[in-house]
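Residues per chain, in single letters:
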Amino acid sequence: MDTSSSSPTSARAQGRLGRDVQAKIGNQLRAIYDDVVKEGVPDRFVDLLKRLDQKDEKGSES
Amino acid sequence: MNLDPSVRDAVLAAVPSLRAFAISLCGNVDRADDLVQETLLRALANIESFEPGSNMPAWLFTILRNLFRSEYRKRRREVEDADGTYAQSLKSQPEQTGHVEFQEFRSALAKLPPDQREALILVGASGFSYEEAAEICGCAVGTIKSRVNRARARLADMLSIESVEDIGPDVATRAILADSTSR
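In order, the protein sequences belong to chains A and B. Reading the first sequence from the start, the letters are residues 5 to 66 in the numbering used here. Reading the second sequence from the start, the letters are residues 471 to 653 in the numbering used here.
Simulated from the structure, these hints should not be mistaken for laboratory data. Errors might be hidden in some of the hints.
In silico DSSO-like cross-links for lysine-lysine, where the CA-CA straight-line distance does not exceed 30 Å [unchecked claim]:
| no. | chain 1 | residue 1 | chain 2 | residue 2 |
| --- | --- | --- | --- | --- |
| 1 | A | Lys42 | A | Lys28 |
| 2 | B | Lys615 | B | Lys544 |
| 3 | A | Lys28 | B | Lys581 |
| 4 | B | Lys544 | B | Lys581 |
| 5 | A | Lys42 | A | Lys54 |
| 6 | B | Lys615 | B | Lys581 |
| 7 | A | Lys28 | B | Lys544 |
| 8 | B | Lys615 | A | Lys54 |
| 9 | A | Lys28 | B | Lys615 |
Could you put the whole structure together from the sequences, leaning on the hints where they help?
See the structure below:
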């Protein structure tokens, strides 16, 4: 794939998108991102930090 | 090393956003969670290099991104169609925003070059400033700005989001149809 520098001639490729277009993209992007954020901290990560902490107390560092 | 409770809380507080970023990078929830786990292990092993009071989320995002980058390079050698597998794995995600509009958006997002997608997400969804995003990605602020602009432009093109021209093609099509039927 070498599409990274495509259509440099169009006005939008130069960053002159309308505010409404930018807002629409931003809203959808945040919606799918926040879907994950709303899941909070899965137990595995809480447990992981707890485990690492306990390991420290015993002084058995890896 | 002794994990300060305030540091632990700051790390945990960043996890939801780290996961969202990781999923957007690798397009697969299981792989993303493994990446987050690796990130946390790496971070805690190097916690002395974190300056108290500095930006914890940015620090963790930087570690995660670097881990992903080194893994991605490895995988790229193994899997030729990296973008294709990314797009496919996206479809298997559990999602609340699962209706058509968002599916189109997801697949458009998946088609962006990784540099552009990453920049857009850091600035547009994670809420980092251009300066922070530049630091996380190890590049110039101007580079981030141009990646974000190109990402938005390509998404707008792929999704045919128009501001005023929306009715344009339709009118033209109707005109052509009217023209051809009147003969």
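Here is how each hint holds up against the structure:
1. A:Lys42 with A:Lys28: holds, 21 Å
2. B:Lys615 with B:Lys544: holds, 28 Å
3. A:Lys28 with B:Lys581: Holds, at about 18 Å.
4. B:Lys544 with B:Lys581: Distance ~20 Å between lysine 544 of chain B and lysine 581 of chain B Cα, so the pair holds.
5. A:Lys42 with A:Lys54: Holds, at about 22 Å.
6. B:Lys615 with B:Lys581: Given that 30 Å is the threshold and the Cα spacing comes to 19 Å, the pair holds.
7. A:Lys28 with B:Lys544: violated, 35 Å
8. B:Lys615 with A:Lys54: Violated, because 39 Å separates the two Cα atoms, which is more than 30 Å.
9. A:Lys28 with B:Lys615: Within the cut-off at roughly 18 Å; holds.
Comparing the model with each earlier hint shows violations of hints 7 and 8; every other hint is respected.
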